[in-house]
Amino acid sequence: AQSVTQPDIHITVSEGASLELRCNYSYGATPYLFWYVQSPGQGLQLLLKYFSGDTLVQGIKGFEAEFKRSQSSFNLRKPSVHWSDAAEYFCAVGPPGGGGADGLTFGKGTHLIIQP
Amino acid sequence: EAGVAQSPRYKIIEKRQSVAFWCNPISGHATLYWYQQILGQGPKLLIQFQNNGVVDDSQLPKDRFSAERLKGVDSTLKIQPAKLEDSAVYLCASSFRASNTGELFFGEGSRLTVL
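Chains as they are written, first to last, in this note's numbering: chain A, 25 to 140; chain B, 131 to 245.
What the hints contain is simulated information worked out from the structure, not anything from laboratory work. Among the hints, a few may not be true.
[Stated by the list, open to error] From chain A, some residues computed to sit far from chain B (all C-beta separations above 10 Å):
hint, residue
1, T79
2, Q82
3, S108
4, G127
5, G131
[As the list claims (entries may be wrong)] Partial pick of chain B residues on the chain A-facing surface, computed with a CB cut under 8 Å:
hint, residue
6, Y163
7, G170
8, Q171
9, G172
10, P173
11, Q178
12, D186
13, L190
14, L234
15, F236
16, G237
17, E238
18, G239
19, L242
[Said to hold, decoys possible] With the Cβ distance kept under 8 Å, some of the chain B side facing chain A (calculated, not the full set):
hint, residue
20, E144
21, L175
22, L221
Glycine included, C-beta positions come from ideal geometry on N, C-alpha and C.
Could you put the whole structure together from the sequences, leaning on the hints where they help?
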């Protein structure tokens, strides 16, 4: 069965510093990969996704993620964080190919705290 | 463009009572999902609809949970009878295509507390 591991429950970063959030997955094949962000009391918003091709993908709000097949990882990065980036971040995997049953499997999330 | 609408936003009930949540997806979105998000965990898929048909309900506790999407638009998720462990946020999401290559749009969720 597929699974997603986000090893860091909480991460604290100073405003303006760089950020990396870790994500490892277990899947029979290369899945589709996603990062979502959830602000308090809000639904989830898609930051970026990887299906195939270039392993470095760019997303919204200045985020990027790199797919590393050998490590089964899809880490999220941002060169300089802003106070508004404080939120919960979820990595998710979904079956490749699309169509049919394609619900996502989410990790437990990483809570990002930005300190001034 | 209006987003995914969910109601109620908050609900408090006692165990063994029943509750229903409503979701109105983005207009034109054929695929609708219900996820359960327990505090401190990521969302877990409960059921996926394509138009008014069920695509996947393998993780839906069918002895107490039911969901329908009769006209292929709005959907209702019901819990009867509720247990303490059902306390969670119930998220509805929709997408345009029957494919996860499209973005899922999430509602703000319905927070259930079972006492």
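So, as I understand it, the hint says Q178 of chain B touches chain A; can you test that by seeing if any CB pair is closer than 8 Å? Because about 5 Å separates Q178 of chain B from the closest Cβ in chain A, which is inside the 8 Å limit, the hint holds.
Status of the hint placing G237 of chain B at chain A (closest C-beta pair under 8 Å): At about 5 Å, which falls below the 8 Å cut-off, the nearest Cβ of chain A leaves the hint on G237 of chain B intact, so it holds.
With 8 Å as the cut and Cβ atoms as the points, is D186 of chain B at the interface with chain A? Result: holds, 4 Å to nearest chain A Cβ.
With 10 Å as the threshold, tell me whether G127 of chain A passes as away from chain B on beta-carbon distances. 4 Å, violated
Once the shortest beta carbon distance from G172 of chain B to chain A is found, is it less than 8 Å? 3 Å, holds
Verify the interface restraint on Y163 of chain B: the C-beta must sit less than 8 Å from at least one C-beta of chain A. 6 Å, holds
So, L242 of chain B near chain A? Judge it on the closest CB pair being under 8 Å. Interface hint status for L242 of chain B: violated (15 Å vs cutoff 8 Å).
Holds or violated: the hint that Q171 of chain B contacts chain A, with Cβ atoms closer than 8 Å. 5 Å, holds
E144 of chain B was flagged as interface toward chain A. Is the shortest Cβ-Cβ separation under 8 Å? Interface hint status for E144 of chain B: violated (24 Å vs cutoff 8 Å).
Holds or violated: is the Cβ of E238 of chain B closer than 8 Å to a Cβ in chain A? Hint on E238 of chain B: holds, closest Cβ of chain A at ~5 Å, below 8 Å.
Cut-off 8 Å, beta-carbon criterion: hint that L221 of chain B touches chain A: Hint holds; L221 of chain B Cβ to chain A Cβ min 6 Å, cut 8 Å.
A closest beta-carbon separation below 8 Å is what the hint needs, so does P173 of chain B meet it against chain A? Cβ of P173 of chain B sits 5 Å from chain A, so the hint holds.
Hint compliance for this structure: hints 4, 5, 13, 19 and 20 are not met, and every other hint is.
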